[in-house]
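Based on the provided sequences and hints, a complete structural model is requested.
Residue-level listing of the chains:
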Amino acid sequence: MMKPGSLPILLLVAAITGRPVAYLCAQRPGAQLPAVAVERRLAQDLSLHVGDTVRLGTAPDSMRMLAIVGAIYEPRPDPAEITRDERYVRLHLPDLAALLGAPDRVDRFGIGLAPGTPPDSAVAALEQNAFGYRAYSSASIASGSSQTFLVVSRFHRAIAVITIVASAVFLLCIMLLKVEERRMDAAVMRFVGVRRRTIFGALLLEAGLVAAVGSAVGTGLALIAGAATNAYYRRFFDTALTFSLITPGIVLFSVALSLALGFAAGAAAAWRLVHTRPMVLWGRG
Amino acid sequence: MTALTWGLKRLIRQPLRTALSLAGIAVAAAMLLDMVMLSGGIDKSFSDLLLRRGFQMRLTPKGTLPFDTEAAISGAAEIVDALRRDPAIVAAGAVLGTALYGRSADSLVTLFGYGIQPEAQSLYQVTAGEDLTAGDTVGVLVSEPAARLLGATVGDTVTLVGRLDPQVVTAAVGRRLLVRGVVRWLYDYRGQPSVGTVLPVMQRLAGQAAANGASLILVKAHDDAEVPALAARLRERFPQIEVNSVTDLVRHFRERLVYFRQLSYILGSMSLIVAVLLIATLLTIAVNERLGEIATLRAIGVSRRTVVAQVLAEGVALTLAGAVLGIALGLMTARYLDAILTSFPGLPAAFSFFVPRAGSLALSAFVLLVTGSVAGLYPAWLAARAPIAATLRAEAT
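Order-wise, the sequence lines are chains X and L.
With the working numbering, letter number 229 in the first sequence gets 229, and the count goes up by one each step, no holes.
With the working numbering, letter number 228 in the second sequence gets 1228, and the count goes up by one each step, no holes.
Hints are not guaranteed to be accurate.
To give a feel for the contact side, a few chain X residues facing chain L, derived at Cβ under 10 Å [as the list claims (entries may be wrong)]: (1) A59; (2) S167; (3) E181; (4) R272.
Just so you know, the hints here were simulated from the structure itself, not pulled from any lab data.
Nothing here was measured: the structure is a model prediction, and the numbers come from that model.
In this text, a Cβ means the ideal position worked out from N, Cα and C, and glycines have one as well.
If you want it as structure tokens, here you go:
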């Protein structure tokens, strides 16, 4: 953010797909050429190195500015940019203004406020005098630019709810079948005088054990899938962003949900089993 | 009694188990249908949107996509004239998009302006009033949101202002225009306040008059089959311009939304795995429970093939019933998920991610049916190899 009164050394960002367009050109280096900073991916695409000379212009048929590659930089990972196939080059503000033929014009100012000044009141004060510009606080810009990710997040949550419903039904089904498999055992236990409560407890314990082992295996699978997702998308988008984040909170929630569902399903199936007559369980009822 | 009837009877005898299995298969089928719709819906919806008025190509400044940046094509009128003289081209029209302002009472409201050539446009549909004509330099078309912001309707006069200059606290250029019609701009996001004038008027407002600038040029070819060859020819003829056919644009768009396509493949595959596991587990346990019954059937002369057919039919019956429920559930959840994704900022309001098509419904049903049959193979094999004598002896004791 540029402080009021400081020199305009803020580097502007120019997209190769917008204005200006940068092209590699075999030029003899000159003495007074302006320096530019080139994004790492663009440098790779055009095989540029520090010290190379490039020609810049606002259109492919008007490449009138020569510049020296002064630096190659790695842009900060930005989820808003990963799907855009744009490449960036940074110029000093006067150089870009000269290239665009628009001296003393900028797209935006960054303003650093004195400590204690509320951003909203500063915005309101600037808006009162507004003509030809609008003022925004950093918070409102962050909120506006994060809308896309809020939508993606809502979509993920909706998919997660559907997945949880599917998992719950699947778990209920498996538990029911698992307990149903024990009909003969339950019948024999009832014949030899084992109490319903004991059988119920044993079946419930078994259901809990299956749910616990399943949760542990599921957590392991999720960690592997998360690592694979991150590795794949980092390579795919050439970025350092994290795509899959499995936090302890998520693991705790998932394990708790699995255990709760496992116990509930086991309890429902076991209750049904212990309240069925032993002869019916034995298949002779 | 057919194998399918046997299968159905077996399922009815275990109502709770069958109901839970159906619920599981229905949710998996719904997820599968949604993901099939998502994987193909993006391309279909975008392609339909671009081809709404039959223009198969878009020409934009080199290295850009339509309205992706503020870059403009210089000398648009000459390029359009040259294109219109090409015998392979039916129509060509330039469009300029720019931010501008409208005067509403004492304040200014921010608008998006389209400069169009009315004789060759594919950007809007007139919903009230009348369209602009080629030489109409005093008329303007407004969207519903723009009409509300400006407090104007057909026949009213509005003032549009371009290029505000903070240093002299005035607008560099302004224009009073008559509202000819209210239109629906096809590529606008929900609530976008847009206005449209003939190209020269918008060029003046945007400061593009001298360069005769345009954001894109729309081209309609005589024949769809000619488009790739025509695109290649135009690329050679206008090297400073990006020539994109609708197929190219759909490919670019697909690359940007690759995440959703990959997600649809992963979740669709997981749905199938869940369905297979559920059906296979259910049938395996059912077969184990019925080993005595199966051995008896075999002992009285029922063929191994009939027993296998019964088990497979049970799986298919379960899958079919689950698929019917799942398709209904999938269509409902697709509407909900589509409502979430279409709230992406800047996305055209007419765009959909989940497009229900007969093809996607048929594909989902077919894949599920195959899945159900495959899931029944292992239990059917168990049923077929059950030893008759040993099983009957065990049942008797």
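Would you settle whether the hint for E181 (chain X) is holds or violated, based on the nearest Cβ-Cβ distance to chain L being less than 10 Å? Since the shortest Cβ distance to chain L is 6 Å, the answer is holds.
Checking hints one by one. Is R272 (chain X) an interface residue toward chain L, by the C-beta closer than 10 Å rule? holds, 8 Å
With chain L as the partner, please determine if A59 (chain X) meets the hint condition of a C-beta pair closer than 10 Å. The hint holds - A59 (chain X) has a Cβ within 10 Å of chain L, the shortest such distance being about 6 Å.
Regarding the hint that S167 (chain X) lies at the interface with chain L, is the smallest CB-CB distance below 10 Å? holds, 8 Å
Going through the hint list in order, the structure satisfies each hint without exception.
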